[in-house]
Amino acid sequence: MSIEEEVKEIVSGIVHVDKNLMARESTFKDLKADSLDIVQALVAIEDKYDIEIPDEEAQKFQNFGDFISFVEKKVQEGKS
Amino acid sequence: MELENKVSLVTGASRGMGRAIALKLSSLGSRVAVNYVNIEEGNEADADEVVEAIAGQGGEALAVEADVRHGAAVKSMVERVIEKWGRIDILVNNAGITRDNLLLRMSEDAWDDVIETNLRSAYLCTRFALRPMIKQRWGRIISVASIAGVMGNAGQANYAASKAGVIAFTKSVAREVGSRNITANAVAPGFINTRMTEILSDEVKKTILSMISLSRFGETEDVAELVAFLASDRASYITGQVIPIDGGIAM
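Sequences listed follow chains A and B, in order. With my numbering, the residue at position 80 of the first sequence is 77, and numbering never jumps. With my numbering, the residue at position 68 of the second sequence is 78, and numbering never jumps.
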């Protein structure tokens, strides 16, 4: 599974949204996620990939695509 | 039984109020993780005794060692409970100490020690125990504050500040996680017969008794009853509250 697929899987489990409805352009607001959902998703992703997503970075995410790109970058950095 | 299938974690449960709370929650059907810290000699044996007492009344318990002032220790304690029982439904932030002195003579060490043990521990334990509760969409966070945290108490600036901190912390948590069907409440005991009050001089005890409407110290079981009520479904619409249990000191 690609990182994008995995992230969608995790987030859909938390937000209870069909992952097929999640696009890179979707915002957390589109997904009807509240602040607790978002924090929960961040923590779950941090645990899954053993990465850190600082709050300052998280606030910059405009949409789901930004979030996935950030995770992909972090995971890549962790490997190299 | 009222707390059937529930899992509770009680900090500082090897003796005193924590012990009584652990026994009470167990008597209502909850499995109970009995936290203790290996700082003082005898704590481990005391915790084992609580586990045995619970087993003796037909319950299931687990002793978990953790210094609740430290994040890593709290994290692994929560993980152990989840590993064993797969969930945490009820967290009782009970661990606490006193290091009394008049402010002019209160050392930085005495201040930090009390704030860390009483307040920082509540933050850490709640933070880590919240995650399974949020997933479950059910949870109870019950923190043992003190009437000193409401009224202040001469000689206890550190203790009173830590308990007032616990109260404000509880209210904030209640607001944060209410939407997930998690309640957060504090109990504010007055003078209860424990080792903490045993050490008071007869003169101090006499002065205290004169302030208590019921003219006697409370028992740990009194506090345990209140905690058990707050943990139950009977209290499902109570959150963010501080409930005094002090024989009528503060009113």
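Calculated from the structure, these hints are not laboratory results. One or more hints might be untrue.
Claimed, not checked - DSS-like mimics (lysine-lysine), calculated; alpha carbons at most 25 Å apart, straight line:
| # | chain 1 | residue 1 | chain 2 | residue 2 |
| --- | --- | --- | --- | --- |
| 1 | A | 26 | B | 94 |
| 2 | A | 76 | A | 57 |
| 3 | B | 145 | A | 16 |
| 4 | B | 145 | B | 215 |
| 5 | A | 29 | A | 45 |
| 6 | B | 85 | B | 181 |
| 7 | A | 45 | B | 215 |
| 8 | A | 26 | A | 16 |
| 9 | B | 215 | B | 181 |
| 10 | A | 57 | A | 70 |
| 11 | A | 16 | A | 45 |
| 12 | A | 29 | A | 76 |
| 13 | A | 29 | A | 57 |
| 14 | A | 45 | B | 181 |
| 15 | A | 71 | B | 181 |
| 16 | B | 94 | A | 45 |
| 17 | B | 145 | A | 29 |
| 18 | A | 76 | A | 26 |
| 19 | B | 216 | B | 145 |
Since the structure is predicted, the reported quantities are computational estimates derived from the model, not experimental observations.
Here is how each hint holds up against the structure:
| no. | hint | verdict |
| --- | --- | --- |
| 1 | 26(A) x 94(B) | violated, 37 Å |
| 2 | 76(A) x 57(A) | holds, 24 Å |
| 3 | 145(B) x 16(A) | holds, 18 Å |
| 4 | 145(B) x 215(B) | violated, 46 Å |
| 5 | 29(A) x 45(A) | holds, 23 Å |
| 6 | 85(B) x 181(B) | holds, 23 Å |
| 7 | 45(A) x 215(B) | violated, 54 Å |
| 8 | 26(A) x 16(A) | holds, 15 Å |
| 9 | 215(B) x 181(B) | violated, 32 Å |
| 10 | 57(A) x 70(A) | holds, 15 Å |
| 11 | 16(A) x 45(A) | holds, 18 Å |
| 12 | 29(A) x 76(A) | violated, 33 Å |
| 13 | 29(A) x 57(A) | holds, 18 Å |
| 14 | 45(A) x 181(B) | violated, 31 Å |
| 15 | 71(A) x 181(B) | violated, 36 Å |
| 16 | 94(B) x 45(A) | holds, 21 Å |
| 17 | 145(B) x 29(A) | holds, 17 Å |
| 18 | 76(A) x 26(A) | violated, 32 Å |
| 19 | 216(B) x 145(B) | violated, 49 Å |
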